[in-house]
Structures are given as structure tokens and as C-alpha cells.
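Enquirer: Chains as they are written, first to last, in this note's numbering: chain A, 1 to 440; chain B, 1001 to 1245.
Keep in mind the hints are simulated off the structure, nothing from the lab.
Among the hints, a few may not be true.
Among the chain A residues that face chain B by a calculated CB cut under 10 Å, a handful are [what the hints assert, rightly or not]:
| # | residue |
| --- | --- |
| 1 | SER17 |
| 2 | ARG18 |
| 3 | ILE62 |
| 4 | ALA64 |
| 5 | VAL72 |
| 6 | ALA74 |
| 7 | ASP82 |
| 8 | ALA85 |
| 9 | PHE102 |
Here are some, though not all, of the chain A residues that point toward chain B, as calculated from beta-carbon distances under 7 Å [said to hold, decoys possible]:
| # | residue |
| --- | --- |
| 10 | ARG61 |
| 11 | LEU63 |
| 12 | PHE65 |
| 13 | GLN67 |
Beta carbons: idealized from backbone N, C-alpha and C, even for Gly.
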Amino acid sequence: MMLSGWGRHPRMECTVSRPRDLREILTAAQNKRVIARGNGRAYGDSALNPAGTIDMRGFSRILAFDQESGRVVAESGVLLADIIATFLPRGWFPAVTPGTKFVTIGGMIAADVHGKNHHKHGSFASFLDWMDVLCADGEVRRASRDENAELFHWTTGGMGLTGIILRAGFRLTPVETGWIRQRTVPARDLSAAMTVFEAEQAATYSVAWIDCLSTGRSTGRSLVMLGEHALAAELAPRQKSDPFAGKRRAGRRIPFDFPGFVLGPLTVKAFNTLYYHKGAWGAGEKLVDFDSYFYPLDAILEWNRIYGRRGFGQFQCVIPLAAAKAGLEALLAAIAKAGQGSFLAVLKRMGPQQSCFSFPMEGYTLALDFPVRRDTARLFAELERIAIDHGGRFYLAKDSFLTADRLRAADPRTPSFGTMRRQSRSIERFCSAQSERLDI
Amino acid sequence: MTGKTVLVLGARSDIAMAAAHCFAAAGYAVQLAARNAGSLADDVSDITIRYRVPVSLHEVDALAVESHAAFVDALPVLPDVAICAIGYMGDQAENERSVERTVAVLRSNFEGPASLFTILANRFADRGSGTLVGVSSVAGIRGRATNYVYGSAKAGFTAFLSGLRNRLAKQGVHVVTVLPGFVDTRMTAGMDLPAKLTAQPEEVGRAILAAVTKGRDVIYVRSIWRLIMLIIRHIPEAIFKRMKI
Chain A
1 MMLSGWGRHP RMECTVSRPR DLREILTAAQ NKRVIARGNG RAYGDSALNP
51 AGTIDMRGFS RILAFDQESG RVVAESGVLL ADIIATFLPR GWFPAVTPGT
101 KFVTIGGMIA ADVHGKNHHK HGSFASFLDW MDVLCADGEV RRASRDENAE
151 LFHWTTGGMG LTGIILRAGF RLTPVETGWI RQRTVPARDL SAAMTVFEAE
201 QAATYSVAWI DCLSTGRSTG RSLVMLGEHA LAAELAPRQK SDPFAGKRRA
251 GRRIPFDFPG FVLGPLTVKA FNTLYYHKGA WGAGEKLVDF DSYFYPLDAI
301 LEWNRIYGRR GFGQFQCVIP LAAAKAGLEA LLAAIAKAGQ GSFLAVLKRM
351 GPQQSCFSFP MEGYTLALDF PVRRDTARLF AELERIAIDH GGRFYLAKDS
401 FLTADRLRAA DPRTPSFGTM RRQSRSIERF CSAQSERLDI
Chain B
1001 MTGKTVLVLG ARSDIAMAAA HCFAAAGYAV QLAARNAGSL ADDVSDITIR
1051 YRVPVSLHEV DALAVESHAA FVDALPVLPD VAICAIGYMG DQAENERSVE
1101 RTVAVLRSNF EGPASLFTIL ANRFADRGSG TLVGVSSVAG IRGRATNYVY
1151 GSAKAGFTAF LSGLRNRLAK QGVHVVTVLP GFVDTRMTAG MDLPAKLTAQ
1201 PEEVGRAILA AVTKGRDVIY VRSIWRLIML IIRHIPEAIF KRMKI
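Given the sequences, and given the hints that come with them, work out the whole structure.
Expert: Following this line, the structure appears as C-alpha cells:
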């Protein structure tokens, strides 16, 4: 069937199987190289393989839960949305969550996702106790920090290329409510935004919406949004009746593919100006439900259709702390010059991270979408070059434009990833369109 | 918790499991019955953890009709709702060649379910309450060359359900006939089904719960199927027999 990632670019005709048990996976993976796919939220071609894409959503059972410690055991196809729906009413929330809850546990491990608390709590791997991985030799191995530790560390952030993640044990974080105390701090330019991030390192959550099209003195103007889990005592009567913010809000759906002009530079510029001033006007503290705080776009189902039929790509890099300001300035200048920034641009301070191949490192990450056009590949190449010049690297879960050369220039860990792939022979059993493109 | 119990027969099927989740979410205790029931232990954990309702496993073989009374007797409580999602399509081409295959399909889809529902219907009637939900098929509305063996067994089951409903209507027992069109399940895996006509198992599960709650008689999960089957029913046989559908 025709398949793509969330960005709807590229699209490929893939042979898809949807196994329910180990035996069915082994049958589907016989005599060919395959890639596991979760809920298809990676933007590019991470979970596409024309020869064999294995849809893991049939592995959707929650196997164990300990109310005292918040430890969960779940199959890899369980959605984060189901984890939240099940455990938030019992006072437990994901310790790390990406910007959508429509991801699977397996996908979260493979991309080693980070959230708005990365500066403080690290990536998802920090809360992962163990996982069972179907390896190249057909054996299922339990991998943890103590057992098959190499496999554990390469699989977190390994983009599904070490094997197929079957189930995992991970920890949730205790919360008193499903509400977030959000504080919005307007920052008139990039330096001001970075100053806020540096000053607010103690905040549990921090993220900034950044205006990628403003130029001159207001280059990089941002709204920094800080968040804390609200305590039960902090809720107003209106929220007290719904302490875990569980009331169903119906999702809106984008009914059709928007034509290209809707996201032209003028409309985005106008939107950004309005959004900034509205945010600056309403700056200060308020209580928002967890869905609005963590997953604002999930409320608009199929929001990827606003970029039109040709789809979009997301550029996300992280620039190390020392070079962050210069790197971000150069990136913003190139984006403004191209006049193509989208209104969904995000800036975030990341904390230190130990990992074999995961994306995060201490510094600043910038993420924004570009609708796919004729010159998009050239724009990505330019942005990638700027990031590389400043010591940056790229988030493979978002990528669809990187090349093998640029990956190696950006990430000195790439050769050891390749060595691991050859030694474990996983390279003979697992590959994606992305791993082929990047030659990893 | 409602204090009510649902029995799901043929629990391994996707529709059955989806229905079990929907009823558990509504507070029903769940009895999962299937062949080789022990292999559903992970599903027991899943439903128990998600919905915090009691879940139990029960061994049943649809074809072993002589064992059905004992199976019902052994249930810890007589359920309030019993859903039969036992079904087996086989391969039409094989069914045509082999009487044995044909009989296996007829027995799995008609004899077995009818036997289980006969026993449950009588118990429900004695108690004066309960709902029986039979998952039949639109394939039973008119026999087609491509799956008439399965279709005819489902036709038998559909007629059985409507007769049962008629018989029990005044005895406090309700019977729901479910005629899902295409459903995206393991049984249809690999078939090229049109997306707009194909329901997800969860949709079927929700539709069953709603039908039980509202006391509906015959449900199609996606309403377009009511129209499609209306048309198919009215094509004159002289034309129908030459059609490729």
C-alpha cells in the first residue's frame, strides 16, 4: 500500500504486514530486510521500507502496572494516548512526552524522544527500564542497563535498525492533577529568549514558539512557555470538578488538503505578528489542561493536510551551547531570506545527554516545517550546512532530506553506528528508506 | 462498575476483543471464551489494567456442541450480555472442492453459534433477562459466487437470531443481530477493501455496546451498508446470477 510518514513526503508503495505475535513477525520478515513501524508519526521515511514494513500496532496490550512505583510494562504498539487515558486518572503521567500523544511506545524508544522537560529530565530512555528486542538472529533479547547493555543503548535512538522492539518496561511520573500551570514570557528577540531559557533552568517544562520570519531588531522574537504540573490545591473550582482534565474535547479534523497559497509568506507573517502580540498581551500565568499544553496540534486531527498534497518536511537540529547563538542567528537569517518559515516553529533548551546515537545534546534545538516545493531540498541543504558549521546535528525522526555525507559531517558517532550494525548483523535484517538514504 | 457481566464467545477475534474493551470501559466484568483460552492471558492483563474490571478466561470449542451445556454451567455467573463473534471464513475455492471444508465452515458459523445461543437463550429466558448479540454478516443476505459457503452459514445464523428474537421478545430477553460490512480484521487481512466501506473493529465494538444499551434489533455498523444491501437484495435473480460481485 501507499505509505508515507507524517509529513506525507516521501510516499512509497510498501508491502505492509500487521503481525499479532512473534511467529507472524518472523513470517513477515522471512528472506528480506524489514523495518518496524508504529503509528507513522516520524515525519519522513524512518518507518518506510518498500520491501517489508511491519506495522506493530497489533501489539497493543498493556501487560503490567504498579500503582506504587508507576512502573508500566506495555507492548511496543501501545499508544502514548492510551497510557495517558489509563494512568493519568490514577495520578501518573508520562515522564517524557513528545509533542504528540499519537506515538507508540516502540516509536518513542526508537527515536529516543524528548519533551519540554529535556533540560531537566533527559530523553525517554532515562525512564526506560528494559525492553525485549527481536534481533537479527531471530532471538528475542531482554535489554537493560545491566543485561545486553550494548543492545539497550544502541536501540534507544537506533531508529528501529537494531531489531524489532516487542515490549518495554518504563516509569511514569506522579502528578496530582492533569493541569499545567503555564507561564508565558514574551522575548523581543533571540538573545532575550535565550536569557529566559537560561534563567528558567529550574522550570520543569520550557519551550518557545519562535517567529522565524521577523527580521532586523526583532529577529527571533519568541514566546517562552514555562510549565509546572499543578497541585490539587492550586485548582480553581472549575478545574476541581475535573482534576485530571479528562473531559472529552472533540478533535477537529482538517477536511481537505489546503491549496499552496494558504501558507504563503504573507499569511504566515501576518499570523506570526498577531500570535506574538496576542501572546505578549496575555503574558503571565494561567492553568491549562495537559492536552492544550503538551499536544496543541493533536486537537486538529490530520493537521498535516494544511501543507497541501505535496506534503512537508520538518527541519530540526540541535546546536551545542557554545555556538548556539551564532548558529541560531545564521539559521534564522537563512529562513527569513527564503521567506518560507511556517508558523509552527519551536525553540528549546536541551540538557546534557549520554547516548550512543540519540538526537539530543546540551544546547538549543530549533524545529520548523516547510511545505515541499521545487527548491525545498536546496533550502534544507543550506540549513543543514549552517547547523553543521556550528557543530549541530539532526533529529532523524523528523528528517527526510539529509544525505549520507551531511549525516557523517554532522554526527561523528555515525561510523560506530555502522560498525555496530555490521557486527550485530542487524544491517542484513533491518533497514528503512531512511537508513538506505543515509547509508547507516 | 455496573455490576453487569458480558460473555464474549470467540474472544480471539478482533471484533470480539474490541467489544470486550468497549464493555469493560462501560464497567462490565468480562468473560472471555475461546479455544486455547490460556493464550489470551496478556489480553486479560490489558483489559484488567485499563478498565479495572474482573476478567476471566473460559475454554470453549464451537464445534464440540456436546460440551456447550457444561461450558455454560461452569461460568462463574450467568452473564447479562452474551456476544457471539465466532466465525470462520475458510477459502472459498477450497470450500468448493471439499465437502469437509464446506461442512467445517457451516458448522463454525452456524451450528456452533446456534448451539451456544440455544443454551444461553433458555437460561436467559428462565431468568427473564439478558441480551444475546450475534455477529453475523452481510454475506448472509444474498449468496454470491465468491463466498456463498460462508455466506449461507451466516444466512442461517441471521435467520436463527431473528427467530430467537421473535420467540424471546415477550420473555424479557433481547437479541441483537450485527451485520458488519467490511471490517479491518485478521480475517480480512490481505484483502483490498475500500476504506470508506471498511469499519475498524473498535467501531464495531462501540456499535454493539450502543445497540445493547438502546435495545436495537439489527445493526449495520456503517450505515452505507444498509443501502448497499437494499440494492443487492433487489437485483433480479436473472441479472444477479450473471454478475461478478
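Enquirer: Where does the structure disagree with the numbered hints, that is, which hint numbers, in rising order?
Expert: 9, 13
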